[in-house]
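**Q** These are the residues of each chain, in order.
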Amino acid sequence: QEAAAPSREGGFGLGREALPEEVAAWDIDIRPDGEGLPVGSGDVWTGEELFVDYCSACHGDFGEAVGRWPVLAGGFGTLDGEDPVKTIGSYWPYLSTVWDYVHRAMPYGAAQSLSDDEVYAITAYLLYLNEVVDDDFVLSNETFADVEMPNEDAFFMDDRAEVELPLFTQEPCMTDCTDGPVEVTMNAMVLDVTPEEEGAGDDAAEAEEEAAPEDTGP
Amino acid sequence: QEAAAPSREGGFGLGREALPEEVAAWDIDIRPDGEGLPVGSGDVWTGEELFVDYCSACHGDFGEAVGRWPVLAGGFGTLDGEDPVKTIGSYWPYLSTVWDYVHRAMPYGAAQSLSDDEVYAITAYLLYLNEVVDDDFVLSNETFADVEMPNEDAFFMDDRAEVELPLFTQEPCMTDCTDGPVEVTMNAMVLDVTPEEEGAGDDAAEAEEEAAPEDTGP
Amino acid sequence: GAVATGQMVHAQAAPDPAITEMQPWQQYLGAGVDASPYGMPSPHEAHVIRRNVPWLTADSVSSINFTPLHELDGIITPNGLCFERHHSGVAEVDPGLHRLMINGLVDTPMVFTVEDIMRFPRENRTYFLECAANTGMEWRGAQLNGCQFTHGMIHNVVYTGVPLRLLLEEAGVRTNAAWILPEGADASGMTRSIPLEKALDDCLVATHMNGERLRAEQGYPMRLVVPGWEGNMWVKWLRRIEVGDQPWHHREETSKYTDLLEDGEARRFTWVMDAKSVITNPSPQAPILHGPGPTVITGVAWSGRGSIPRVDVSLDGGQNWNQARMSGPSFDKSMHRFYYEFDWDGSPLLLQSRAMDSTGYVQPTKDQLREIRGENSIYHNNSIQTWALSEDGTAENVEVG
Amino acid sequence: GAVATGQMVHAQAAPDPAITEMQPWQQYLGAGVDASPYGMPSPHEAHVIRRNVPWLTADSVSSINFTPLHELDGIITPNGLCFERHHSGVAEVDPGLHRLMINGLVDTPMVFTVEDIMRFPRENRTYFLECAANTGMEWRGAQLNGCQFTHGMIHNVVYTGVPLRLLLEEAGVRTNAAWILPEGADASGMTRSIPLEKALDDCLVATHMNGERLRAEQGYPMRLVVPGWEGNMWVKWLRRIEVGDQPWHHREETSKYTDLLEDGEARRFTWVMDAKSVITNPSPQAPILHGPGPTVITGVAWSGRGSIPRVDVSLDGGQNWNQARMSGPSFDKSMHRFYYEFDWDGSPLLLQSRAMDSTGYVQPTKDQLREIRGENSIYHNNSIQTWALSEDGTAENVEVG
Ligand code: HEC
Ligand code: HEC
Ligand SMILES: [Ca+2]
Ligand SMILES: [Ca+2]
Ligand SMILES: [Ca+2]
Ligand SMILES: [Ca+2]
Ligand SMILES: [Ca+2]
Ligand SMILES: [Ca+2]
Ligand SMILES: [Co+2]
Ligand SMILES: [Co+2]
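Protein chains in written order, with the working numbering: chain A, 1 to 218; chain B, 219 to 436; chain C, 437 to 837; chain D, 838 to 1238.
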């Protein structure tokens, strides 16, 4: 590999200092400890109204989702089953992520169109839908720290280095590696969910319900 | 560099033997020693008629060329001057090249449409235009070997290895390499023959006559 | 046809008209040099395209398409065929209005224009970008019938870019800094937390791919390059980098890109892409049409931990293995091409490839991975793929046991 | 602006609306993954195209266009921008009707289909292809104002192909064979004589370029690759290879591609491309727009005799030289990228680059070449190029003395 492109002592003097207004315009990220949260608040009922107006067309009135749009509520107790339903309530470890994401990216197609108070209200409603708060809850920059997300402790740091690497870093077998000849145990052609090369075969669409694993989208 | 893709002793057994008719259909190349020439013949006057019909629109009745199409005749004594005119007569070392090229590629846009006798006749006419033969000459596979091209002996094998490499393979100078500061001696903008990036500036077209060096096409 | 090494397989009864008859292109003039200022593939290759799987996502805007690996060779993915994954569609950024801001734990918050970025020293590096969800549809069994769909969330590109380190040095990183948060200018405002150590090591702010400016769908005018790490982190349309002392745990590193295990617990921050390989030819979309005899098996392999000195190929579903021939340059965290030439006798085969990377890591079987991770983790399926080749040369995505 | 190393050059009076106002792409959805099955560059890069010089040739069909070197970075030329040189236009060959014949001094004359070729072992190699006439318009003085036109008859591509050696072995080359004559399937029936030694050494019959199938204008479905040798020999739409004991002295190696010297004699068979380099940025089509201060000079260098370990850059027309920084992989007979970063003080400069190849050959000045070759040889002008950079950042093609 070639040498890295050289640094210059004291920098190159390129670019310019960002003005405070500019940083304020773009610095919208929120952290689990609440860093980044603006002053503001919103209650569950206000949130419900906003959600029905702006969100339910895709996510359903109760976060149950319409069609294949994301499910936002429920799914408790499914994570260790056959068909895990990962929602804000069942899966998300931090409340800050909800506020940050709704504010930055939703409603889909009109990102950053919600006011801070609206985001507080919608987030409160999403907590309510997920049974994390009662219907009289008011989410604000001040109550934010009181909310604990149910699944926070289920996350742990990548441990592949300890758990997998020793297993998978061994001299590979070259001959007679299996107990005799191997057999086919499952065929993709049985499922028939692959898009056809030519024309509009609607096999795939038909197969959706039966075959598409929940939430295997990238 | 990686190792070369491996040969296989006795070959791979891929492809198939070409049939004689197939080789005959494609094996059209002619060599200076006449190898490849079909039996046939044509005279200068027949050649003139064919040339006027099929070739003169681009190359002119006498090979003098129309516009920027290639000049095919004349140019004698120009090779060591300021504006060399390289034609069949002034430059080409071998007669076989004329036969091969006219047969393979001309007339431009209707390649390989001429019969062998037509190619013999046209080639005879091109030799006549270039003062290599008299007007009663008949070119055939048999008279072919009698023709000597005037400039044959002017060609010699690439001698850069001996003439240039020793000169240009020396430790390069890094400081004070010239007799003091250097000056601009010629500017491209004076010529103004570069196509414009936007729009149809016709500077280039205007500049053609004055600036385009004869025969610098690639 | 009979297998015949070292002797003619076919004999020709009559002359082939493709030879004895003059084809139009041998006689008439073709298009001139002003016809295609920016060229496109031959019309005969019109089937070589990115394809999407409509049922995978709710719409085609927050969705993915797939690189046609089975139509490519060597290690470079042409820009027009690099798979796309967007969360709010292709941002059509006007480069004159694009800015890159660095803020947070820095001495001076900074703003750079595209032109500013082009004044820094730059590097040229070849890296694969693999979506962590590549092969994700295959955890529970053989599902999609074609390596474009099973393995096509990957591309391999030569980037030209400025080391992120130089830009961070320009702002002056504070001593308590430990993480960065790159952010995209698209409507999804894509963000990921990346350890500062990686940011200062080999990340690039890329402006060019495969020689030309970045394509819009790959982040024009600038994207982050995070060598060897999952594609979602390679933030496109990069507009801001915040420096901080803690990770942000944003949506793409909590709701998504965490790996759910069978007991309901989940790995987070699984950044590195494990070593992986796939046979691209033959494969379900690229059957063997020539019958028995000399046959080229080829495929690609890569590792987020280094290079790929070796790939093995099995014809019998993993019982026995043969070392493949590696071809083309071997770069760290880049795709590698392998070939295995053999005489096919026309009998059914179970084709597999197995990559070994420069750390000695050997690509596992799907069962080995399932043992540790279950079937619900979606991401990071780097297991060995099996294609069942039948007597007629067609290939199918299967599992074996 | 003042030159200021290590301190902010610009201060911003008022907030930049590009930041404080929401841009449409930050809010609304862009195109989905089904919009561009084969992608194209951003509309903002629509000026990055191959260009031709209408007055150079009688028509645009037997003509040439030029790679926009000043818009590219790294060493790969994207397929859509590889310069084109045709003698009868782009042959639109139907691959199903394409054949490759080998005849002449062989044990068995052979016919191969495209599919047959794909069954041989193949290699991946990166090579430059330079037309021998590249820079040919500059022999008598500075003429064309832009490196696209002065140096753009070159591209650098990763090829996948079968060693020609394997195909010749299949036919069985007779002991008296010494030359081959590759022939194209286009209407010019392009032919060149190549020594058998080169044919058996490193020539490829290429089927892919930069990962995908060859483009029509580059010889689809197969072209000859003749590493380090002049582009005219890389026969496109390759349909036949005759093996013989003498060269053919065909039109492209007598009338053309012979180098006329001042005394009227001419060199023939000048195959190897000498070491060469050019600064691509700044250059006449790519002025410096940012004013004084940190500036990146970049360019490309190559040699038909090996690799390029070193390029020097002069700011004063060749009086003094500075070693440039090489970047990207260094392959034999491939393009190399160099950078020279410096602080421009805003004064006029005379920019030059000088390549040194792995054999120790140093790129000569134009006067050095003229001394030996005169001004009439058209081909093989590998001399040092000068750009005059003025105070306003524009650059002009000049000669110096
Ligand atoms: C037109 C459809 C649509 C509308 C309306 C919409 N969303 Fe979404 N939502 C989506 C899509 C699509 C995604 C996934 C985006 C991606 O690919 O990253 C999503 C993702 C989400 C997620 C993350 C889900 C997860 O599991 O990671 C949340 C939370 C969310 N939306 C909340 C909202 C809220 C709140 C609103 C209204 C203010 C809203 N959405 C309006 C389509 C919509
Ligand atoms: C429509 C224009 C046109 C016509 C008609 C035409 N030619 Fe040409 N000729 C050309 C062009 C263009 C070239 C150069 C082709 C190339 O780029 O290789 C050429 C090249 C040649 C050359 C080689 C010139 C050199 O200096 O290398 C010869 C000889 C020639 N033509 C002979 C003929 C003959 C004989 C005919 C008629 C049978 C003919 N041409 C008809 C356009 C034409
Ligand atoms: Ca922040
Ligand atoms: Ca399970
Ligand atoms: Ca907790
Ligand atoms: Ca012959
Ligand atoms: Ca002279
Ligand atoms: Ca003689
Ligand atoms: Co991960
Ligand atoms: Co030459």
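No lab work stands behind these hints, which were simulated from the structure alone. These numbers were taken from a predicted model, which means no experiment stands behind them. Careful: at least some of the hints might be erroneous.
Pair ranges (Cβ atoms, derived) [claimed, not checked]:
#, chain 1, residue 1, chain 2, residue 2, range
1, C, 681, D, 1167, 37 to 43 angstroms
2, B, 389, D, 855, 19 to 25 angstroms
3, A, 181, C, 828, 57 to 63 angstroms
4, C, 682, A, 134, 27 to 33 angstroms
5, D, 1205, B, 242, 31 to 37 angstroms
6, B, 391, D, 1128, 29 to 35 angstroms
7, D, 1013, B, 227, 43 to 49 angstroms
C-beta atoms are modelled at their ideal positions from N, C-alpha and C, and glycine is treated no differently.
**Q** Which numbered hints does this structure break?
**A** 2, 3, 5, 7
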